[in-house]
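**Q** Letter by letter, the chains look like this.
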Amino acid sequence: MSKHVLSVLVENKFGVLARISSLIAGRGFNIDSLAVGETEDPTASRMTIVFDGDEKTIEQVKKQLNRLIDIISIQDLTKEEHLESELILCKVSVTPKTQPELVEIAETLKGEVADVGTKTLTILLVGDQAKVKTLLELVKPYGIKEIVRTGRIALTRDNGGK
Amino acid sequence: MKMKGAQILIECLKREGVDVIFGYPGGANLPIYDALYDAPLKHILVRHEQGAAHMADGYARATGRVGVCLATSGPGATNLVTGLATAFMDSIPVVAITGQVRSYLIGNDAFQEADVCGITRPITKHNFLVKDVNLLAQTIREAFYIAGTGKPGPVLVDIPVDISQAEIEFVWPEKVEIRGYKPERFMEGHRGQIDKAAKLMVEAKKPVIYVGGGAIMSQATEEVRELVDLIGAPITTTCMALGIYPEDKPCSLRMLGMHGAASTNYAVQYSDLLVNIGARFDDRVTGKVETFSPKSKKIHIDIDPASIGKSVQVDVPIVGDVKRVLKELIKEIKALKKKPDYKEWWDQIHEWQKKHPLSYSKNGAKLKPQYVLEVLSDLTKGEILMTTDVGQHQMWACQFYRWTRPRTYITSGGLGTMGYGLPAAIGAQFGRPKERVICLSGDGSFVMNIQELATAVDHKLPIKTIILNNFYLGMVRQWQEMFYKKRFSYSAIRPPDFAKVAEGFGARGVTIRKAEEVRPTLEKILKDKECWVVDCLCDEEEKVFPIIPPGKAIDEMIMDMA
Chain S
17 MSKHVLSVLV
27 ENKFGVLARI
37 SSLIAGRGFN
47 IDSLAVGETE
57 DPTASRMTIV
67 FDGDEKTIEQ
77 VKKQLNRLID
87 IISIQDLTKE
97 EHLESELILC
107 KVSVTPKTQP
117 ELVEIAETLK
127 GEVADVGTKT
137 LTILLVGDQA
147 KVKTLLELVK
157 PYGIKEIVRT
167 GRIALTRDNG
177 GK
Chain C
27 MKMKGAQILI
37 ECLKREGVDV
47 IFGYPGGANL
57 PIYDALYDAP
67 LKHILVRHEQ
77 GAAHMADGYA
87 RATGRVGVCL
97 ATSGPGATNL
107 VTGLATAFMD
117 SIPVVAITGQ
127 VRSYLIGNDA
137 FQEADVCGIT
147 RPITKHNFLV
157 KDVNLLAQTI
167 REAFYIAGTG
177 KPGPVLVDIP
187 VDISQAEIEF
197 VWPEKVEIRG
207 YKPERFMEGH
217 RGQIDKAAKL
227 MVEAKKPVIY
237 VGGGAIMSQA
247 TEEVRELVDL
257 IGAPITTTCM
267 ALGIYPEDKP
277 CSLRMLGMHG
287 AASTNYAVQY
297 SDLLVNIGAR
307 FDDRVTGKVE
317 TFSPKSKKIH
327 IDIDPASIGK
337 SVQVDVPIVG
347 DVKRVLKELI
357 KEIKALKKKP
367 DYKEWWDQIH
377 EWQKKHPLSY
387 SKNGAKLKPQ
397 YVLEVLSDLT
407 KGEILMTTDV
417 GQHQMWACQF
427 YRWTRPRTYI
437 TSGGLGTMGY
447 GLPAAIGAQF
457 GRPKERVICL
467 SGDGSFVMNI
477 QELATAVDHK
487 LPIKTIILNN
497 FYLGMVRQWQ
507 EMFYKKRFSY
517 SAIRPPDFAK
527 VAEGFGARGV
537 TIRKAEEVRP
547 TLEKILKDKE
557 CWVVDCLCDE
567 EEKVFPIIPP
577 GKAIDEMIMD
587 MA
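Same order as they appear, the protein sequences are chains S and C. Mapping of the first sequence onto this note's numbering: residues 17 to 178, in sequence order. Mapping of the second sequence onto this note's numbering: residues 27 to 588, in sequence order.
Just so you know, these hints were derived from the structure itself, not from any lab. Be a bit skeptical, because a hint or two may be false.
As the list claims (entries may be wrong) - With a Cα cut of at most 30 angstroms, we get these calculated DSSO-like pairs of lysine-lysine: (1) 79(S) - 323(C); (2) 460(C) - 232(C); (3) 201(C) - 78(S).
Using the sequences plus the hints, can you model the full thing?
**A** In C-alpha cells, the structure reads:
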C-alpha cells in the first residue's frame, strides 16, 4: 500500500464532485484527501485526490475515473516530479508560560499565529507533508484542541523541457 | 424559427433518426406530450415505465440503434430505474427522457419530485439535468452521441417543465465536441499487440476463442466468423453473443460458464490460449477467479480500458473496437502463412463432448421444459428473434435452442432482470417488424411485466410468449434443492391461468399439459398473426445442468443429481 496523488482536471459543472465521489465510494476505494478549485480556465476545475492503495487498485480507479464524461484528464503525480502543499489550522492549548514557545515553533516552521486567546492559540501553516507532520509532532505535547486541513494540492514541476 | 423546448426536443429526436419512442405521460412531461400530439414520430404508450425502458433496450439490441424512452418526473422516472440498470450492465445504447418539476422548485420536495440524476448516476453512462433551454438541443445531441459510441450505455436527460415550455430560436448544433469524451481514441488496436496476438494464435496448441456482447455491439459477426474459419479454432460465446457464430457448425462449442456444456468449460479451463473478444470475464463465466483457466495465455480485446485486467490478468490486452481489431488480426494471421495445428486439441474436445453431452432425462409423464425448446428449435431453425426473462428458462434456451444469427437471443445477461422479456420483445418487434418474435418466460418472471400484453395487443403485434410454467421460481427452487437442503423457502408461486389472463388482455391463450401437444400447438400459433400466450405446464423438479456451484472452479461442475 502506498499513497498516490492524482491531479484530475474536470468540467466546472454542478454534480461533478458527486459523480467522482460516488464512483469512488461505490467501489469501496478509500480517499485520503480531496481538494478542488477553479483553474486558469473558469470552465474547468482541478482536483487533487490522494488515495491509499496498491498499484492494481490505483490502476482501476484511474480507468474508472477516465470513463466519466466530465473528467477531462487525469495525471498520476506519484510517478512524476511534483510540488505539493497543504494548509493546516491547528488550535493548541496555551498558558502564559507556553505562549512564547508556541510562537517560536510557528516562526521556526515559517507558519504564523493566526489567532490567540486566553486558553488557545491557533497556528496557520502552509507546507508539504513533512512540514505539517513536524508541526503536529512539536505541538502535540501542549495539547491539540482542533485541527483542520485543506488536503494536499499538487502540480507537476517544470522539468526543464526534459 | 422560435420553438418551445418540447418542440426542440422532438425536432432533435427526429434529426437523430429516431423512429419510435416508448413512453408514459404525466404532469411534468405534459408539454412534451403536447408536442408529440401532432409530431411525425411514432409513440408507443406503455402500461408501466419499466416497460418503456425495456422496450427501448429491446429495440436497441435488436437493431443496433439507440432506443428512446420517455417518462414523467418522480415515480415515472424512478420506474425507469430497473430498465436503465439492465441496459447499463449490458452496455445497451438507450436515451431516457424524463420530465422534472419546474427548475425553481427543484430541491423543494415539490409534488412528484425526485432527484433523478442523483438516483440514476451509478446506473447510467452519463446523465444531464437541463437548466437552460438554450442548451437543450446541444444536450440531446450529446446524449445520443454518448449513448451510442465507445462502450455504449444508457444516458438520461432530465427536463424541467419550464424548460419544455420556454420559447427560443432553434439552432441545430452541427458538431458534438466533448473534451472529456473522445471514444475515437480507443478505436484502433495497438499494432504491436495485434501482431503478438496473431503469433500466439497460430502457435497455440489448445486455443479457445471466447466471444461476448461487445462483438455484437461492434457489428463484428462477419469478422468473428472469418477468424474462426481461418484458423479452425473452437469458439464459445457468452449468452450475450449467441448466434454470432452458427452453433450448427463444427467449430462452435456453444455457450460457456455456469450453465455451459461441460465439454466447453473443460476446453476453456485446459486451454493454452484464451482469446477474449468483447467479453468481460464475468463471474458467471470464470467461476472461482483464482483457478480460472490457469495454464492459458490470455488475449483480451475490448473497447473499454477499464474492462481489461479488472478481474482476470491478461497477457495481451488490446484496447480497441472489436471489428477493427479483428480485421487487422485476420490480416496479420494470413501474413504469417502458418497453418495452425489443433488436431489433438479437437480430438480431446470431441472426447469430452461425447462423454458429457447436453441432455436431460426423458423419464416420467410430466412435460420437460427442455423438450419445448428442442421442438421450437426444430420448427424454426434459428429463424426467430427470442427475448427471455431470467431463470431456468433463460438458460435452457441457451442450451437447447440452436442459435445461428446474431441479435436473435435478447436477454438481461448482466443484471438478470425478471420482467424483461415481454417489453423487450415489444421493442424488438418494433425495431425488426419482419422477424418472428418469441418471448420465452417463466411463471415467476412473466407476471412482473404482464401488463405490457395490453401494449402488444394495442399494436396488433404477433408476439408469441411461451411460458415454461413449473409453479415455482425454478432457479431459486433449484438452488434451494441443491445448496439449501431442500428448504423451499417461498419459492412456490401460484401462477394465474395465463391463457385466461391473455384472453382478458385481448390476446390469445392456450395451455399445454402433455409433450404430444407441444409440436402441433407451436406449429399452429407460429403461423398465426395474433399475439399468443402459450402456457406450458412443466415438471417442477427439472433442473438446469450442468451447473458450476457458486465459488467453485469451472471444471468442478455438477452434471446431474444422480
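**Q** All hints, please: hold or fail.
**A** Here is how each hint holds up against the structure:
no. : hint            : in the structure
1   : 79(S) - 323(C)  : 23 angstroms, holds
2   : 460(C) - 232(C) : 41 angstroms, violated
3   : 201(C) - 78(S)  : 28 angstroms, holds
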